[in-house]
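Produce the entire structure from the sequences given, and follow the hints as far as they go.
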Amino acid sequence: MPEPMDQTFADFAARTAGTFRAVPVEAVASAVRRRRRTRHGALAALALAAIIAPVTLLNLGGRGETPPVVTPSTPAVTSPSGSPSAAPAPVVETRAVQVPGVAPDFPATVVFTDAEHGWALLVGCPSRAPACDQDDCVQAGHTCTAVLARTGDGGRTWHRVTGVPSLDGKVINLYALDGQTIALHLIKEKFLLTRDGGATFTTHPLSAPPQEAVLADARAHGHEGYGLACPGAVTFEDGASAPECERVQLYKIGSGPVVPQPQLGGNPNRASSLHRGLDGRFWLLTSPEHEGAPRIQLSEDGLRSWRQLPAPAQATAFGLVLSPDGAEVWLTGNTQQLWRLVGGAWQRQADLPAETQPHQVVALGGGILLAGNPSGVWRLQDGVFTQVPGLPGLGILTRLPDGTLFGYDDNGRKWLSPGTGNAADRPWIKIF
Amino acid sequence: MSPPTGFTELYATHFQRLATQLYAYLGDHAEAQDLAQEAFCRAFDRWHRISAYDDPAGWVRRVAWNLATSRLRRRATALRYLSRQREEHVAGPEPDRVALVEALAKLPARHRLAVVLHHLGQLSTAEIAEQQGVAEGTVRSWLSRGRAALAAHVSDVREESSRA
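Residue numbers (this note's numbering), protein chains in the order written: chain A, 1 to 432; chain B, 1001 to 1164.
Just so you know, the hints here were simulated from the structure itself, not pulled from any lab data.
Being a predicted model, the structure only gives us computed values, none of them experimental.
A virtual CB, placed ideally from N, CA and C, is assigned to each residue, including glycine.
Certain hints may be false.
To spell it out: a stretch of chain A is covered by chain B in this simulated footprint if at least three of its residues, at any positions, have a beta carbon under 8 Å from a beta carbon of chain B; those stretches are [what the hints assert, rightly or not]:
no., region
1, 9 to 21
2, 167 to 177
3, 384 to 391
Short, incomplete list of chain A residues facing chain B, as computed with Cβ under 8 Å [to be verified]:
no., residue
4, M5
5, D6
6, T94
7, I187
Below is the structure:
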């Protein structure tokens, strides 16, 4: 018997599909013929659309993509224009992912493990020619050429990894642990792992992913060395959704489930997120099954015991954010609410900028947050969110283990801000 | 220009399915219709190449979702032409369908995308990751959070559907 959500969507599809009526295929042929006659004009219009997109998206959003607003009960969110306390624009340096021998137009997927070390997967398709518009280039599947490269100087120079087997035509996820270690998940095929900077690779079956991949994934999600999974699940399942179960388990990577287990819900309807602070504390945030507050659990003694913290009365799940030293704890709600744990109580803060999600929020320490949204990057200081000039909207904003901030914008460019601390003028590097 | 071999079948099989997904994602019935139409126009235009792919339907879906996600609707000649070719008025969505769309609209866009592609598009997390160019773990996170947030609304939607 299908679960209620599946049934709901099945009902929806059954009732909705008939409301759409495709035009006759002959009309499609006529439309395409007309388009071919006006190709040059259409391409020019597309180029203009690409240029103005970042601006027009603000107006097209419709669902929350408007600038943050002041809420009466909370401190203000302001934009730099007209704000007397606007921060100076940070220095932005640009570095290109240029790999000797590789065409410069190969789009790159880039990951960094610290300020200096990063990996790039560059994929070029035969259709990526001047006559090819962007959507054709997304496809091409098995015909694409893939090149793995690495940097050890923050993206100033990139070097092709020569020891890797052919990656052409593969769909690949990258799990980088450090400058020497990266696991490549070749979807539906296998894992490739190097521990020596790409000089040699070992092959691992999908049923036995290398531990380095699991460690890298845990590190990237802020729970170094630990994970949550359904009992018996292989962490990197292939071609299927994450396993579903009544109750997930907290496990130490390489060791197995910890004892005692905290109170955990099932996957996915009562999903939990795990956070490990550098102060040794572990935090667990579990979504409610239905309406209600999330469950917040804390271990302060190395996982030997857990206690539950009351959640803010108005909170309906969402994210938990820790400062670099783990001392500051922030909670985000799903309607831009923000709380900070002060003296064991949750204190409401300024609302997050519109559309900001937990994976777009980093705590810098000293009561300062950075939050990304479609409009830009915002800095919370002294109770006020102020837009950081010169930075685009970042769809992802995370902190690497060495304190470096890493994000990427909607145009696929990566943004790196090396260093620690919470200075407003920390430099940024745009990598494309 | 006659319809090429294979295209007509693909078009007939997938158009409504794709438009339904886009409607769930965008919450705009007319826009969903337009974007699905645009995606199939592009497929027609490049059919000699796309027909050789392992999964032409996947290509069309990817294009449609790119359009929907970026909202760079190409209101170009073909679309304007096609908009005049609709032969009949099709009734809009009924209230019970709107309930699910409204519930979906409350989710962050990426969570909504993952939920729609998984539950309506029947894609695995790996396939969604491939389409969106992100890590599979990221999609799992989107899907998990989206489903968790949507779960509270599903019972309401079902109750509304049963009354309709």
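Cross-check of the supplied hints:
no.: 1; hint: 9 to 21; result: holds (count 11)
no.: 2; hint: 167 to 177; result: holds (count 4)
no.: 3; hint: 384 to 391; result: violated (count 0)
no.: 4; hint: M5; result: holds (5 Å)
no.: 5; hint: D6; result: holds (6 Å)
no.: 6; hint: T94; result: violated (22 Å)
no.: 7; hint: I187; result: holds (5 Å)
The structure shown violates the earlier hints numbered 3 and 6.
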